[in-house]
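K.L.:
The lines below spell out each chain.
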Amino acid sequence: MAEITYREALNQALREEMVRDDAVFLMGEEVAEYDGAYKVSRGLLKEFGNRRIVDSPISELGFAGLGVGAAMVGLRPVIEFMTFNFSYLALDQVINTAAKWLYMSNGQINVPIVFRGPNGSALQLSAQHSQSCETYYVHAPGVKVVTPATPADAKGLLKAAIRDNDPVAVMEGELLYNMKGEVPDDDDFIVPIGKADVKREGEDVSIITHGKSVHVALQAATKLEKEGVQVEVVDLRSIRPLDMQTVLASVRKTNRAVYLEEGWAFAGVGAQIASMIQEEAFDDLDAPVLRISQADVPMPYAKNLENFARPTVDRVVKACNRVLYRNGNGR
Amino acid sequence: MAETKTATKKGPATRDDMSGDPLNGVAPETALRLMRNMLLFRRFEEKAEEGYAIGKIGGFCHLHIGQEAVAAGSIGVLRADDYVISAYREHTQALAKGISPKAIMAELYGRADGCSGGRGGSMHLFDASKGFMGGNGIVGGQIPTATGFAFAIKYKKGDQVSLCFLGDAAINQGAFHESLNLAAVWKLPVIYAVENNGYGMGTAFRRVSAREVKDRGDGYGIPCHRVNGQDVIETYTFFSKLVETVRAGGGPQYVDVRTYRFKGHSMSDPVSGTYRSKEEVDKRVEQDDPIRMLRERLFEAGVMDQEALEAMDNEVRAEVNEAAEFADASPVPDPANLYQHAYATINEHGRLFVDGREDAPRARDEES
Chain A
1 MAEITYREAL NQALREEMVR DDAVFLMGEE VAEYDGAYKV SRGLLKEFGN
51 RRIVDSPISE LGFAGLGVGA AMVGLRPVIE FMTFNFSYLA LDQVINTAAK
101 WLYMSNGQIN VPIVFRGPNG SALQLSAQHS QSCETYYVHA PGVKVVTPAT
151 PADAKGLLKA AIRDNDPVAV MEGELLYNMK GEVPDDDDFI VPIGKADVKR
201 EGEDVSIITH GKSVHVALQA ATKLEKEGVQ VEVVDLRSIR PLDMQTVLAS
251 VRKTNRAVYL EEGWAFAGVG AQIASMIQEE AFDDLDAPVL RISQADVPMP
301 YAKNLENFAR PTVDRVVKAC NRVLYRNGNG R
Chain U
1 MAETKTATKK GPATRDDMSG DPLNGVAPET ALRLMRNMLL FRRFEEKAEE
51 GYAIGKIGGF CHLHIGQEAV AAGSIGVLRA DDYVISAYRE HTQALAKGIS
101 PKAIMAELYG RADGCSGGRG GSMHLFDASK GFMGGNGIVG GQIPTATGFA
151 FAIKYKKGDQ VSLCFLGDAA INQGAFHESL NLAAVWKLPV IYAVENNGYG
201 MGTAFRRVSA REVKDRGDGY GIPCHRVNGQ DVIETYTFFS KLVETVRAGG
251 GPQYVDVRTY RFKGHSMSDP VSGTYRSKEE VDKRVEQDDP IRMLRERLFE
301 AGVMDQEALE AMDNEVRAEV NEAAEFADAS PVPDPANLYQ HAYATINEHG
351 RLFVDGREDA PRARDEES
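So the protein sequences, as listed, match chains A and U. Those letters in the first sequence? Residues 1 to 331, by our numbering. Those letters in the second sequence? Residues 1 to 368, by our numbering.
Derived from the structure by calculation, the hints contain no laboratory data. Nothing here was measured: the structure is a model prediction, and the numbers come from that model. Misleading hints may appear alongside valid ones.
What the hints assert, rightly or not - Computed list of lysine-lysine pairs in BS3-like fashion (alpha-carbon distance at most 25 Å, straight line): (1) A/46 - U/278; (2) U/154 - A/46; (3) A/303 - A/226; (4) A/46 - U/157; (5) U/283 - U/241; (6) U/241 - U/156; (7) A/223 - A/180; (8) A/46 - U/156; (9) A/199 - A/318.
What the hints assert, rightly or not - Reference listing, derived: stretches of chain U covered by chain A, where coverage requires no fewer than 3 residues with Cβ under 8 Å from a Cβ of chain A: (10) 46 to 59; (11) 120 to 126; (12) 179 to 188; (13) 315 to 322; (14) 337 to 344.
Note that beta-carbon positions come from the ideal geometry of N, C-alpha and C, so glycine has one too.
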């Protein structure tokens, strides 16, 4: 165990998997000579050379599709999107090719590829650079999606994604790259894809969430604890596959659930989870499942508007109080 | 006649500039093989048309009738371990790469013995073991994929070639331009073969394109070639040299393969009428039938006579009929396998399928 940043954890994962398997290569904009737009690939060009750390032109559709083709014939590409916002240019290759080739070929051609990069909002990047793109990816069968919230999860999930035989989107958080945490330095440390993690235990209400919203949930939990409310925070870690066992176990314990996500509510992850909770644990619920998300507008630039649009700690606290039927002022 | 738009490269010879030999130096047995393949393609497509008419084949179905020389003359020079990927008009290319007529017809019929297990249909034929990597139904979608095959070949220091078929309409897609740039920058072993039949569905290429097909690789420094794709001898001779050039490290190549579609775009499109005249189609069928063109060469060379041609045709017809019978007898796919192959790995934890259906597979840790 060592305390390292989320960025260093991703770098370690890439490095270890590249040492382990010559078929793994990293391609994307600025990944090589620039050391990565967010420095995730720092030092890798020096260590592995330009055969395996490959600077691409700004051609998301082209290089993502090239990765998909390379994956079909034996390589294990890691395609870095400078941000997932830009990956919309490449979605045809993700949804129409990567997600479909195994099925349409009746199991003949699998596509072991990783698409990774930062997802969601950062600070005042405005509408085109602040989107949470996970719903576009989880919507299509054939793709797996993971959203690490901590340095350890970042390392373990990226390694698992590279070893997985299907297309996996690893959605990171720009504001998480500097976050520090304990990370096992074991070369074979893996966080299994599809296993949720209870980040904080509690009896009264479950906040279920994913990605960097985990930290918003934890802050809300700390706030509510001062009022005597014990919050359980469930981090999905992986949206597809989805660990409903852990979600349902938490709801059965607390009987109340709030879904928190950074992105928009419409057909969002929370919509899916709320639907599944009512289908599978209706009798355990003491209140409707509420959802907290970004306001249903493109993200504005001005600091005050951005904060107003975000799913903040206060909004999460309020939602918890609502499902607890509390007024939030010490009753 | 084949043209190559670079100062140093010259296209292969045709009958016009070589003295005497109607086969242009192509071995008689090779020419006969090309004839057999083209006959097979023609009869197969006719059978598919018939199957569609009687409701055995559904969905979209795009025929290659008139364009048989393209697949025969290009894929015919490849090795088994070379890769081919195409768009949705790809029956003859799949046949040319070695998938059996039975497996393809069964796929068109939506049967379990189809080359894609009944999951792909006409537009999505596969046999990875033979290097046929699919038909993509999204115009231009296969171009980055083919470029990726070539990247992997170079990465692994192999000497295979990636052959990408695309229609003329696909060269107006962004995927085309991004891919050609990547292939040129990294000198990848890929051939972009544009099956230029002049129409993207019902839109004439020239109506929606500022430049001609033949020059489009030029902006990326990729050698551009043009070949008469109705003349299988010319096509074969041309691709024999081109594939060797690429195999030897010559980098990406771009070919305008001039051809003509004798049938409608798909089964719902009449042969002529709205966007091309009956006169135009009749004239091209009359002048540019690839089978007739090769027949004349073979007869002139004394390699084949009418009787032998008819015998070959009968043999091919029998093979195609057998394929249709095989397809008809093949079972429909088992619905119990509906979820199979959506993913290569069913992870130990978590649900991959969230449709709420009882028969959807659950994670291993949720079973019991």
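K.L.:
Tell me if the straight-line CA distance from residue 223 of chain A to residue 180 of chain A falls inside 25 Å.
P.N.:
holds (22 Å)
K.L.:
Verify the proposed pairing of residue 46 of chain A with residue 278 of chain U, using a straight-line Cα cut of 25 Å.
P.N.:
Violated: residue 46 of chain A and residue 278 of chain U sit about 64 Å apart, past 25 Å.
K.L.:
Is it true that the CA of residue 199 of chain A sits at most 25 Å from the CA of residue 318 of chain A?
P.N.:
holds (20 Å)
K.L.:
Quick one: see if chain A covers the segment 179 to 188 of chain U, three-plus residues with Cβ-Cβ under 8 Å.
P.N.:
holds (count 4)
K.L.:
What's the verdict on residue 46 of chain A and residue 157 of chain U, does the C-alpha distance respect the 25 Å limit or exceed it?
P.N.:
Holds, at roughly 21 Å.
K.L.:
Is the coverage entry for the segment 46 to 59 of chain U by chain A consistent with the three-residue Cβ rule at 8 Å?
P.N.:
As far as the segment 46 to 59 of chain U goes, the hint is violated, because 0 residues have Cβ atoms under 8 Å from chain A.
K.L.:
Straight-line Cα separation of residue 303 of chain A and residue 226 of chain A no greater than 25 Å?
P.N.:
Violated: residue 303 of chain A and residue 226 of chain A sit about 29 Å apart, past 25 Å.
K.L.:
Check whether the Cα positions of residue 46 of chain A and residue 156 of chain U lie no farther apart than 25 Å.
P.N.:
Satisfied, since the Cα-Cα distance of roughly 20 Å is no more than 25 Å.
K.L.:
Between residue 154 of chain U and residue 46 of chain A, is the straight-line Cα distance small enough, at 25 Å or below?
P.N.:
holds (21 Å)
K.L.:
Test coverage of the segment 315 to 322 of chain U by chain A using CB-CB distances below 8 Å; three residues minimum.
P.N.:
violated (count 0)
K.L.:
Between the alpha carbons of residue 283 of chain U and residue 241 of chain U, is the straight-line distance 25 Å or under?
P.N.:
Between residue 283 of chain U and residue 241 of chain U the Cα gap is close to 31 Å, so the pair fails against 25 Å, i.e. violated.
K.L.:
Take a quick look at whether residue 241 of chain U and residue 156 of chain U sit within 25 Å of each other, Cα to Cα.
P.N.:
Between residue 241 of chain U and residue 156 of chain U the Cα gap is close to 24 Å, so the pair holds against 25 Å.
When the structure is compared with the earlier hints, violations turn up for hints 1, 3, 5, 10 and 13 and for no others.
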